[in-house]
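Asker: Protein chains in written order, with the numbering used here: chain A, 1 to 528; chain B, 1001 to 1343.
These are computed hints drawn from the structure, not numbers from a lab. These numbers were taken from a predicted model, which means no experiment stands behind them. Some hints could be false.
A few chain A positions that, by computed beta-carbon distances, are all more than 10 Å from chain B [stated by the list, open to error]:
id, residue
1, Asp106
2, Glu117
3, Gly280
4, Ala341
5, Asp362
6, Glu512
Which residues of chain A face chain B? A few of them, derived with a C-beta cut under 10 Å, are [stated by the list, open to error]:
id, residue
7, Ser63
8, Pro74
9, Asn112
10, Thr122
11, Arg180
12, Thr438
13, Ile439
Ideal Cβ placement from N, Cα and C applies to all residues, glycine included.
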Amino acid sequence: MQHDTVAATPARGDAIPAAAVPFIEIRDVHKSFGGVRALKGVSFAIEPGQIYHLMGENGCGKSTLIKILSGAQPADSGDILVNGRPSNGFSPVEALAAGIETVYQDLSLLPNLTVAENIGLTQQLVASSGHLFRRLDRSRMRGTAEAALATVGLPTTSGFLATRIDELPIASRQLVAIARAIASDARLVIMDEPTTALTKREVDNLIAVVNRLRAGGVAVLFVTHKLDECKSIGGRAVIMRDGQKVAEVDVADHSKAELGFWMTGKMLDEARYRQAPKTGDTLIAVEKLGRRAAFSDVSFSVRKGEIVGITGLLDSGRNELALALAGVRPADAGTIQLDGAAVTLKDPGDAIAAGIGYVPEDRLSEGLFLEKSIEDNVVMAVLDRLRGALGLVSARRSRALAEATIADLQVATPDVTRPVQSLSGGNQQRVLIGRWLTIHPKLLILHGPTVGVDVGSKDTIFRIIQRLADEGMGVVIISDDLPELLQNCDRILVMRKGRLAESFEAEGLAEETLYGALVDEARAGAAR
Amino acid sequence: MTDIATTQPVPSTERSAFLRASYWLLRHPPVFTLILIVLVCLVVGSINPDFWQVSNLFDILRASVVRGLFALGVLVVLASGGLDVSFTAIAALVMYSVTMLATNWMPGMPIAVILALATFGGAALGAMNGILVDRLRAPSLIVTIGTQYVIRGFLLTFVGTALFMNIPGSMEAFGKLALIRYVEPNGAISTLPAFVLVLAVAAAVTWWMLERTLIGRAIYAVGGSPSVAERLGFSLRTVHVFVFAYAGLLAGIAGIMHVASNRLANPFDLAGTELDVIAAVILGGARITGGSGSVGGTLLGVVLITLVNNVLILVGIPTTLQLAIIGGFIVLAGAAFSIRRRP
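Just chain A, with the same shape it has in the complex (with noise of 0.2 Å):
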């Protein structure tokens, strides 16, 4: 690929404008790891005020485009023009000094120190080039988080300021994350998959700070993979795959299938999934189910080859019901019955000897070991079972029982003795939904299934959704994944304060009507 197929960059020479002149532009940028090839000859720029979407299934090149561009890693060949000028790549300071700020996924916060200090340290590192024998001018590191959390919208009250960020909500880090990075007169603004941990209000809240960044004449770039998001956001796609740029487009002239196309090399299905449910009796009922401060009484019940939805927003207390139907955080009060037998569920022994199958939300830090192999992942909850001779755990039946499990659920690798931590994060989750798959659930709990998953994945995991619902199985999925919930479940529940507040049949439900459910009706009838 050469540079000049870069489609919005205008030809460029003395005569053009300084304003003509992109902030950043890389040309026939190459970098390897090992045998690996990871960006293959990739140019493209970005002008100041506008907004970008860097969109790719994982392994596609994105990660390392974006760490060239702050500087975390040098590229092998090819050049970055920083205001037309050549800069042979930069250390994060340098980086940070050319107005560039990256808002990682996992948002990069300091845990134990302050919102101010989040904010404000990264100026001042800027000042002193690095250096950490300087003084630390708090009452200008207070001054610039002040002027930073004004601009997203977050309190600039001393408490606040004061707090430290691991008592914020994730919706306020993620907004202090954006604030640290416009402190220090950002000309770029990198969000790395931005909106994976948050719910739909807080990504248009997240909108609105992005729109007020861009009349600042900031650039943005979001990294991503959520197509709806895209769409919502719009400005200019440019679309990566196996280390190449195949596109770069205006995001409103295509379809969301267009679009999927180009990252994935292949049509995806929008339609449903759900397709001629053949549900029985019922499987699971839940009577008035409540925890003190989380929820109350809540009542449902699944049908065997159901599929039912429950959303709601962050603190609507889906969460909390999750936890509390897998035995993590149980309930005090209700009663839950299954296949017509009263349970009690008070820790996840109990949900997995009832025939209750948990896939929690976040499967780094509650499912997964990442550096067991996948093996070792899948047969966890079933050891007992593969007791052989003198009691211990027969390593030929673990590992069929794992083949078996990865090739029924197309996980993609060559061997199951690899450690889970190299798969990618669609994988990953099918490896956690596998485990469970081995003790036979009855009902299985999805709490968020493809959070972090890239789309061709996605795809997969709703396939197995939908084959486990038609064998019978009841299959409750917690998500805020609206187009989600409306392409799997024949119904969808929402919850509003703790309270299961309305349910919907999900055929032919529009996501307007669920979205409107989901904030509450007084506020959805008044923006409408």
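Given chain A, put chain B in place with the hints provided.
Answerer: Okay, now just chain B, sitting in the frame of chain A:
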């Protein structure tokens, strides 16, 4: 728009004043330590009124100096997410070598030169720890267990094992220098030695360094999350080398204070007091996992440990049982501080 920011976890509705007070307490661990100190004083003082004597206060302050200097160093290393157990070995090597040097070659060496040598020697040995930790990317506990043995072995094999009973004059004078002389009503004279000021100055400098400089914030940043701190542009190597050098520097000074107050340089001294010091820092509210801790809390922790070590004898509790009481406090504090992390 701002409603996003105020989206807090569902608040527990009716919380009693007692619960609120205990939550506040758990978020301010040094207060917990302060309460323990007051409790110990009240209990001991009510059983044995002799406790309320100025001489006793002076004794506790005097006995806090060496432990306090060590503890400030441990605090700085702990805040950066590391753990140092080699500081007593550094102190022993520095105090013994410097005393030997002064006694054998320059008996009239002024205290300023002695302190400068100890500071430099301690910092150099500490920096060596830091370089090893940084280069090997190894857990600092393991590295410093290793260097502790190496340093102690080097001291006893190549430097010497004999006691110095007659320490250089300047050191002896420095140890005797009185800051306050107090005549008790019964005519007994008690003195507060001037070297307690060394701890005061070290505490003030450490506080300023941690709270008012970039390196101070960098230390906490690295203790909070090394990978994030590195990504933000904080140099891990600078922080690693600095914290261990700083701990070594304080250990070197502590060694000289130990010799000056005991008027004796014994190369076998100080060994085995590491856990005592680390316990004091933990009681002061620092987490063993790094990223927290304060100078004020650390000093309170030191006072609490010193108090228990020094005054329980006044109420007839044998020294052997004091160990159990300190252990109880540590378990109590550890449990209390970990509650605040639970949801």
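Asker: Please check whether Asn112 (chain A) passes as an interface residue: C-beta within 10 Å of a C-beta belonging to chain B.
Answerer: 4 Å, holds
Asker: Hint Ile439 (chain A) vs chain B: min CB-CB distance below 10 Å?
Answerer: This hint is violated: Ile439 (chain A) lies away from chain B, its Cβ roughly 27 Å from the closest one there, beyond 10 Å.
Asker: Please check whether Ser63 (chain A) passes as an interface residue: C-beta within 10 Å of a C-beta belonging to chain B.
Answerer: 13 Å, violated
Asker: Quick one: work out the minimum CB distance from Asp106 (chain A) to chain B and report holds if it exceeds 10 Å, violated otherwise.
Answerer: Check fails; 8 Å does not lie beyond 10 Å.
Asker: Was the hint right that Pro74 (chain A) lines chain B, CB cutoff 10 Å?
Answerer: At about 15 Å, which exceeds the 10 Å cut-off, the nearest Cβ of chain B leaves the hint on Pro74 (chain A) violated.
Asker: Would the least Cβ to Cβ distance between Gly280 (chain A) and chain B come out above 10 Å?
Answerer: 36 Å, holds
Asker: Evaluate the condition: distance from the CB of Asp362 (chain A) to the nearest CB of chain B exceeds 10 Å.
Answerer: Holds, because the least Cβ-Cβ distance between Asp362 (chain A) and chain B comes to about 14 Å, which exceeds 10 Å.
Asker: According to the definition I'm using, a residue is off the interface if its beta carbon is farther than 10 Å from all beta carbons of the partner; does Glu512 (chain A) meet that for chain B?
Answerer: 21 Å, holds
Asker: Run the C-beta distances from Ala341 (chain A) to all of chain B and say if the shortest one exceeds 10 Å.
Answerer: 31 Å, holds
Asker: With 10 Å as the cut and Cβ atoms as the points, is Thr438 (chain A) at the interface with chain B?
Answerer: 30 Å, violated
Asker: May I ask you to test the interface hint for Arg180 (chain A) with respect to chain B, counting a Cβ-Cβ separation under 10 Å as satisfied?
Answerer: 9 Å, holds
Asker: Return the status of the interface hint for Thr122 (chain A): holds when the least beta-carbon distance to chain B is below 10 Å, violated otherwise.
Answerer: 6 Å, holds
Checked against the numbered hints above, the structure breaks hints 1, 2, 7, 8, 12 and 13 and satisfies the rest.
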